[in-house]
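K.L.:
Put chain B on the given structure of chain A with help from the hints.
Okay, here's what each chain looks like letter by letter:
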Amino acid sequence: MTALPQSSSAHGAMPHPASAGGAAAPTLLVAHGLVRRYAMRRGMLGRAVALRAVDGVSLTVERGRTLGLVGESGCGKSTTGRLVLGLEPPDAGGVTFDGQPMPPLGSAAWRRLRARMQMVFQDPLGALDRRLPVGAQIAEPLAIHRIGAAAERGARVAELLRVVGLRPDHAARYPHELSGGQRQRAVLARALATEPALLVCDEPISALDVSIQAQVMNLLTELQDRFGMGMLFVSHDLRAVRQVSHRVAVMYLGRIVEEGEPDAVFREPAHPYAQALVSALPHPGALRQRIVLQGDPPNPAARPSGCAFRPRCPVAVALCAREAPALQRRPDNRMVACHLAHGEAALRKAA
Amino acid sequence: MEALVRIAGLGVSFDGAAALRGIDLAVQRGEAVGLVGESGCGKSVTWLAALGLLPGRARVTGSVRLGGQELIGAPAAMLDRVRGGRIGMIFQDPASSLNPVHRIGRQIVEALRLHRGLAGAAARAEAKRLLDQVGMPDAARRLDAYPHELSGGQNQRAMIAMALAGQPELLVADEPTTALDVTIQAQILELLQAIRREAGMALVLISHDLGVVAEQCERVAVMYAGRIVEEAPAAQLFAAPAHPYTQGLLHALPPIDGPRRKLASIPGGVPEPWAMPPGCAFAPRCPHRIAACDATAPALEERAPGHSAACLLAARTVQEPAFA
Numbered sequence: 001m002t003a004l005p006q007s008s009s010a011h012g013a014m015p016h017p018a019s020a021g022g023a024a025a026p027t028l029l030v031a032h033g034l035v036r037r038y039a040m041r042r043g044m045l046g047r048a049v050a051l052r053a054v055d056g057v058s059l060t061v062e063r064g065r066t067l068g069l070v071g072e073s074g075c076g077k078s079t080t081g082r083l084v085l086g087l088e089p090p091d092a093g094g095v096t097f098d099g100q101p102m103p104p105l106g107s108a109a110w111r112r113l114r115a116r117m118q119m120v121f122q123d124p125l126g127a128l129d130r131r132l133p134v135g136a137q138i139a140e141p142l143a144i145h146r147i148g149a150a151a152e153r154g155a156r157v158a159e160l161l162r163v164v165g166l167r168p169d170h171a172a173r174y175p176h177e178l179s180g181g182q183r184q185r186a187v188l189a190r191a192l193a194t195e196p197a198l199l200v201c202d203e204p205i206s207a208l209d210v211s212i213q214a215q216v217m218n219l220l221t222e223l224q225d226r227f228g229m230g231m232l233f234v235s236h237d238l239r240a241v242r243q244v245s246h247r248v249a250v251m252y253l254g255r256i257v258e259e260g261e262p263d264a265v266f267r268e269p270a271h272p273y274a275q276a277l278v279s280a281l282p283h284p285g286a287l288r289q290r291i292v293l294q295g296d297p298p299n300p301a302a303r304p305s306g307c308a309f310r311p312r313c314p315v316a317v318a319l320c321a322r323e324a325p326a327l328q329r330r331p332d333n334r335m336v337a338c339h340l341a342h343g344e345a346a347l348r349k350a351a
Numbered sequence: 001m002e003a004l005v006r007i008a009g010l011g012v013s014f015d016g017a018a019a020l021r022g023i024d025l026a027v028q029r030g031e032a033v034g035l036v037g038e039s040g041c042g043k044s045v046t047w048l049a050a051l052g053l054l055p056g057r058a059r060v061t062g063s064v065r066l067g068g069q070e071l072i073g074a075p076a077a078m079l080d081r082v083r084g085g086r087i088g089m090i091f092q093d094p095a096s097s098l099n100p101v102h103r104i105g106r107q108i109v110e111a112l113r114l115h116r117g118l119a120g121a122a123a124r125a126e127a128k129r130l131l132d133q134v135g136m137p138d139a140a141r142r143l144d145a146y147p148h149e150l151s152g153g154q155n156q157r158a159m160i161a162m163a164l165a166g167q168p169e170l171l172v173a174d175e176p177t178t179a180l181d182v183t184i185q186a187q188i189l190e191l192l193q194a195i196r197r198e199a200g201m202a203l204v205l206i207s208h209d210l211g212v213v214a215e216q217c218e219r220v221a222v223m224y225a226g227r228i229v230e231e232a233p234a235a236q237l238f239a240a241p242a243h244p245y246t247q248g249l250l251h252a253l254p255p256i257d258g259p260r261r262k263l264a265s266i267p268g269g270v271p272e273p274w275a276m277p278p279g280c281a282f283a284p285r286c287p288h289r290i291a292a293c294d295a296t297a298p299a300l301e302e303r304a305p306g307h308s309a310a311c312l313l314a315a316r317t318v319q320e321p322a323f324a
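For the protein sequence lines, the chains are A and B, in the order given. Going by our numbering, the residue at position 167 of the first sequence is 167; the numbering climbs one at a time, nothing skipped. Going by our numbering, the residue at position 291 of the second sequence is 291; the numbering climbs one at a time, nothing skipped.
What the hints contain is simulated information worked out from the structure, not anything from laboratory work. Glycine residues also receive a C-beta, built at the ideal position from the N, C-alpha and C atoms. Do not take every clue at face value.
Covered by chain A, according to a simulated footprint, are these stretches of chain B (three or more residues, beta-carbon under 8 Å) [stated by the list, open to error]:
#1 105-117
#2 142-154
Computed footprint of chain B on chain A, listed as stretches where at least three residues anywhere in the stretch have a Cβ under 8 Å from a Cβ of chain B [stated by the list, open to error]:
#3 206-218
#4 235-242
#5 269-283
A few chain B residues that don't get close to chain A, going by computed Cβ distances all over 12 Å [unchecked claim]:
#6 Asp24
#7 Ala26
#8 Ser63
#9 Ser97
#10 Pro100
#11 Ala214
#12 Gly279
#13 Thr296
So that you can see chain A by itself, here it is in the shape it has in the complex (with noise of 0.2 Å):
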């Protein structure tokens, strides 16, 4: 408990790369197998049943980068944001930040590595206190982590504030005086205060009107190419995805069906649930053939044998009830979990 100040602030100083890009981009966190269970009641007397949110998912963070992780809701994005978080413990798998292993939920070391990863949630207003002025609130994580002195937050408070676009005078307001992009822009400047270097954001803009949306979005990258933080931005929405992401995973049902470039996977996505996800996108002017799929999302408390998205899939085969397909790497370099994908690839190979 000492030695906190200088240890954190000197952890602070360090993602400050001048500046994003370059083709290695170092590894900030990598995550193996993550799986976690709730447990979940049928009725009030109805026996537990084990619902598997997140059922398997590795993937990696790298500095400066961002990972945009696509999926539709239940599908296990926001678990996994905070598995990766370690802000609840996964049942299986692990994390590892910054080379280090996630220490104990709750231990010395936890916290001080809390000032080194944050997040921020869909819903501006719900994430702030609306008793306290978001000055104040920006400032608490200086004073929880001792970082700086107490007379310097003043200034700080000031200069994150138009980091993300407010002004210093917008510190004495409440979040209610504000507006939504406005309070975004807040929870924004908060989650900086500590210099993270990783930023988890989960739906960051789907509470935002478009044209609000498009500056928080533009604000993200900018934010990233000044300070180089790795980002996970967990999102239903594969426009926003696209725009700030550098790799993209899409989830079904607690595991990656597919990852890859996003620009590779938007134009032609290889799962068939990336491409009826894709082709369910409206286009304003164009009208082209879209897959509908039939059926409603699935219960992760009742999941089917075999690949998960089965019933749902327009080209399942027999094999697909009985195996699930493992993610794993094509030729071309994207990872796809699908008997079918694979089996395409291996069949053009062999011609």
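P.N.:
Same frame as chain A, now just chain B:
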């Protein structure tokens, strides 16, 4: 041509603050009209006012005519017959629009009794037919399901079945897919199109999602701060937007292919109803603002056939459609 619904000079204010400031809009029979804009622009209030669904403190002025009938100030009994009868409605969150303590079937039967005078076995058979029509899986059994036993997409299907029970000439859909997942959104939009084709019903689609509106509607009206700022055939609006606000909205949408660029966001935010700029409400955020913009609010004027914009500069920027 006699419009199915004609809104003229519709204004709404809450406690003296104007939420709608003169809306003129016509919906023809069988036509799909999109209403887009950001939160607070008045796109939902327009239809809530038209159907007499606003709370008592709202002051409504102007006129909404359905066929020959005036709806503004009409007696409650008449509005009760119109709502769910000639005009059906569905809303964003189906779970909160359905009654949680009644079975789906009972709620549809109630609509059938009120608007078509059906009862007993005939009403139940018709309710099942409606659920089949909206693609509810296992419709006969779902009649006895409660809303919480259904998924979001299924609840929206039930809502649509209920709205169709009165055989409406117009369906007003207020953000019908916003609370749903993308793949379910695709299902519901396809369903709405199919119903419209079969029943020849007109559709007003209220949405913040330009893409959804572009695909579903023949004509689109863009709203900003309580006014319609642009109205055009959908293809033309997206190919050649005339109002700087529409242009801004389209540019703010991240592209799904092509090069990635910094998004052209619209600076600032929507003005509050009690602090409206004196002239054009969009002027403070507009990249093309000139002094005259602050003098008076520009009127919605036709710039090309079927294409109107409320902007002093749009006269210069609007293009003739490349195709006729």
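K.L.:
Would you mind marking each hint as holding or not holding in the structure?
P.N.:
Each hint tested on the structure:
Taking a C-beta to C-beta cut-off of 8 Å, the stretch 105-117 of chain B contributes 0 residues in contact with chain A, too few for the three needed, and the coverage statement is violated. Counting residues of the stretch 142-154 of chain B whose CB lies closer than 8 Å to any CB of chain A gives 3, which reaches the minimum of 3, so the coverage claim holds. Using a Cβ-Cβ cut-off of 8 Å, 9 residues of the stretch 206-218 of chain A lie near chain B, which meets the minimum of three, so the contact claim holds. As drawn, the stretch 235-242 of chain A meets chain B at 5 residues by the rule of a beta-carbon pair under 8 Å; at three or more, the given contact holds.
Under a criterion of three residues with beta carbons nearer than 8 Å to beta carbons of chain B, the stated coverage of the stretch 269-283 of chain A is upheld, 8 such residues being counted. With 12 Å as the threshold on Cβ separation, the claim that Asp24 (chain B) sits away from chain A holds: the shortest Cβ distance comes to roughly 24 Å. Listed as a non-interface residue, Ala26 (chain B) keeps its Cβ farther than 12 Å from every Cβ of chain A; the least gap is roughly 23 Å. No Cβ of chain A comes within 12 Å of the Cβ of Ser63 (chain B); the nearest lies about 30 Å off, and the non-interface call holds.
Ser97 (chain B), annotated as away from the interface, keeps every beta carbon of chain A farther than 12 Å; the closest lies near 19 Å. The claim that Pro100 (chain B) lies off the interface holds: its Cβ sits roughly 16 Å from the closest Cβ of chain A, which is beyond the 12 Å cut-off. The claim that Ala214 (chain B) lies off the interface is violated: its Cβ sits roughly 4 Å from the closest Cβ of chain A, which falls inside the 12 Å cut-off. Gly279 (chain B), annotated as away from the interface, keeps every beta carbon of chain A farther than 12 Å; the closest lies near 20 Å.
Residue-level check passed: Thr296 (chain B) sits 24 Å from the nearest beta carbon of chain A, beyond 12 Å.
The structure does not agree with the numbered hints 1, 11 stated previously, though it agrees with the rest.
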